[in-house]
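Trainee: Taken in order, these protein sequences are the chains called S and F. Under the numbering used here, residue 1875 is the last one in the first sequence; the count climbs by one each step, no gaps. Under the numbering used here, residue 1875 is the last one in the second sequence; the count climbs by one each step, no gaps.
Simulated from the structure, these hints should not be mistaken for laboratory data. Treat the hints with care, since some could be wrong.
[To be verified] A partial selection of chain F residues facing chain S, derived with a Cβ cut-off under 10 Å:
1. 1521
2. 1558
3. 1560
4. 1608
Every value quoted in this text rests on a predicted model; they were computed, and no experiment measured them. For every residue, glycine included, the Cβ atom is placed at its ideal position computed from N, Cα and C.
There are 2 protein chains.
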Amino acid sequence: MLGRQTLKLRPTLGSQFSHITRSLATAPLDASRLQVTPISHPSTPKPNDQLVFGKTFTDHMLTVEWTKENGWDAPQIKPYANLSLPPSACVFHYAFELFEGLKAYRTPDNKITMFRPDMNMARMNKSAARICLPTFQSEELVKLMGKLIEQDKHLVPQGQGYSLYIRPTLIGTTAALGVSTPDKALLFVICSPVGPYYKTGFKAVRLEATDYATRAWPGGVGDKKLGANYAPCILPQLQAAERGYQQNLWLFGPEKNITEVGTMNVFFVFQNKATGKKELVTAPLDGTILEGVTRDSVLALAREKLDPNEWEVNERYYSITEVAEKAQKGELLEAFGSGTAAVVSPIKEIGWNGQAIHVPLLPGEQSGPLTKDVAKWIADIQYGKEKHGNWSKVVADLN
Amino acid sequence: MLGRQTLKLRPTLGSQFSHITRSLATAPLDASRLQVTPISHPSTPKPNDQLVFGKTFTDHMLTVEWTKENGWDAPQIKPYANLSLPPSACVFHYAFELFEGLKAYRTPDNKITMFRPDMNMARMNKSAARICLPTFQSEELVKLMGKLIEQDKHLVPQGQGYSLYIRPTLIGTTAALGVSTPDKALLFVICSPVGPYYKTGFKAVRLEATDYATRAWPGGVGDKKLGANYAPCILPQLQAAERGYQQNLWLFGPEKNITEVGTMNVFFVFQNKATGKKELVTAPLDGTILEGVTRDSVLALAREKLDPNEWEVNERYYSITEVAEKAQKGELLEAFGSGTAAVVSPIKEIGWNGQAIHVPLLPGEQSGPLTKDVAKWIADIQYGKEKHGNWSKVVADLN
């Protein structure tokens, strides 16, 4: 078991040696330096039907402080508690902040796995580098998340559709108002037990295609998981909601190309009458859309599992005009969003220019046939029913 | 003097009346409800030469909590201290944050004034509305800032070029990871005594014209003072610094139009050989540049004070190509940035495509003649030597 480690494991980082450490390379993120302060009274798990996404948290959190001078300090697992930060901390003023979202699952053989955490860690490091926050050793943070989950393993929900949502976050904490590179930062991880995004299985959503506000731009940061990409999208989302749409489908440029949904990437299925094939299509990674882990998984699985005599799988530009035209000709077959929270989210309608583009669903169901298949492919891997390379990483063993 | 007020002044906001208040309109921001908790040992002012921009703060801060249910709570002036916030607070994840920057000045007759605070308050409310944070009564926050300055009046520096920098900040504090409209927020104001941005008067800066990264775009939020606009600009700033430039001059679009500097708006002075007139030019407010209070003041003063037979004052699009061409023909006369921190900041060189565009300066000086005049026009109003309508607002009287 992990215990509080002694200072002898990190002699060069003690303040008494600061005249030495200043001339050495700064400390890497190191899971072996973990210090654990357990909560005195562990909580009882909530019943599955009371879990609300991102509102209930587990007993512990992980924190790791970083300074430019010394690098990463010893990681701490400690009781979930408020952060205490100076009001001048740069996270409050200049949005020095980024995050990731991952899920941990209980497998049938009582192990706890995470889904492709290496992808999230790589993206988190890219986000950090883009806003001059410190990068870190990906494998070490995966180990630390494993330890955190293990600490609260009784709170990892059981049952298909239930999981532990994990939120690693990195913020700049420099206490100064000058706009410059943070010399202090805090990495923290909190965990929220969650149920299926929609309680009764799939529920197809309505999106509003939006061109009056623009989510991201070439030369911007739309491909990074920065806080900066989120707050500005809320007002257009509220405006879409007033017209009965759950989310915005963000368009870009004079061509009105389809990019993503803000909280999800998006896929369309078209019938190509010329070739007789079906096409699964999503926008290419050109710097304006998030490099989704679920997006990447959907593409990989589709390329593995769909018969190339019947299917094309394409990352290409396509516009709302193309979607509207195909819908009119009966060539729009399906549409769905992909993301960690909802995994796969079928789309039933897209509002555009005051008109509704209807997306077919299976009779009496809330999705099209491929959407349903894709959701099952991924769930089977996430819940350990199928194996897919190293996509499922065991982070704790409850046996 | 202000004292702690009793609950009887706000009976409908007590939690015991929550069943009533839910059906009433929420409370406005109300300076008359201010509660003051003074520090026990006021600090001694630092010598002027030890003031570093935004690193030293005064003894007190202002905080006002807001909830969707009850509106604005009673404002608090209390000792400057850390904020305690849940790690799930939406400010850390989705950049629900915005700020303003203003300065308070000591006038020769020992009053303390703020420069056009109504402009900052209007802009702050526009920023808040854009990211679904609560708006507020501008006049009330001006009053509260006045009370805060009065509380720490011994820390308002004396002397030309010295002032108290005031930082109102508004953050979303909802403790939930779902991306949605905040139902809790915190407004706070902190104050930092500051000296002249450059200790020895003007120091002309070098800017790098940047087109590989994009600060703002149509349909985005570049005209709002959101945290989201700042962190993404730090990496390009570092890269420019490596090449010897202090800041980026942000270009936009295939035309490479000049927009702003990120921390300043920017002005150019051209000679128009056809008309024989000089032209003071800055980019128009099209949603991609900050609506600077200093920018607006420079334009207003230039229009009032410059002889129209000799000068044109224009808000229009102009590109780095135009600037480079005019420089080559000897028609580029001056360039300067404008913002609250540096007020007016002369520019001596612009890097573009690996070449240096040189901007003339007065012989042996760090600015051109108009830049110098503009700086004096504004300083004279700020320090109470000249009166200009209601631009200088008395917020405290030390007599």
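Trainee: Against chain S, is residue 1521/F within 10 Å by beta-carbon distance?
Mentor: violated (19 Å)
Trainee: Any CB of chain S closer than 10 Å to the CB of residue 1558/F?
Mentor: Holds. Min distance 4 Å.
Trainee: Can you verify the interface hint for residue 1608/F: is its Cβ closer than 10 Å to any Cβ in chain S?
Mentor: holds (5 Å)
Trainee: Using Cβ atoms only, decide whether residue 1560/F comes closer than 10 Å to chain S, and label the hint accordingly.
Mentor: holds (4 Å)
Hint 1 from the list above is the single one not met by this structure.
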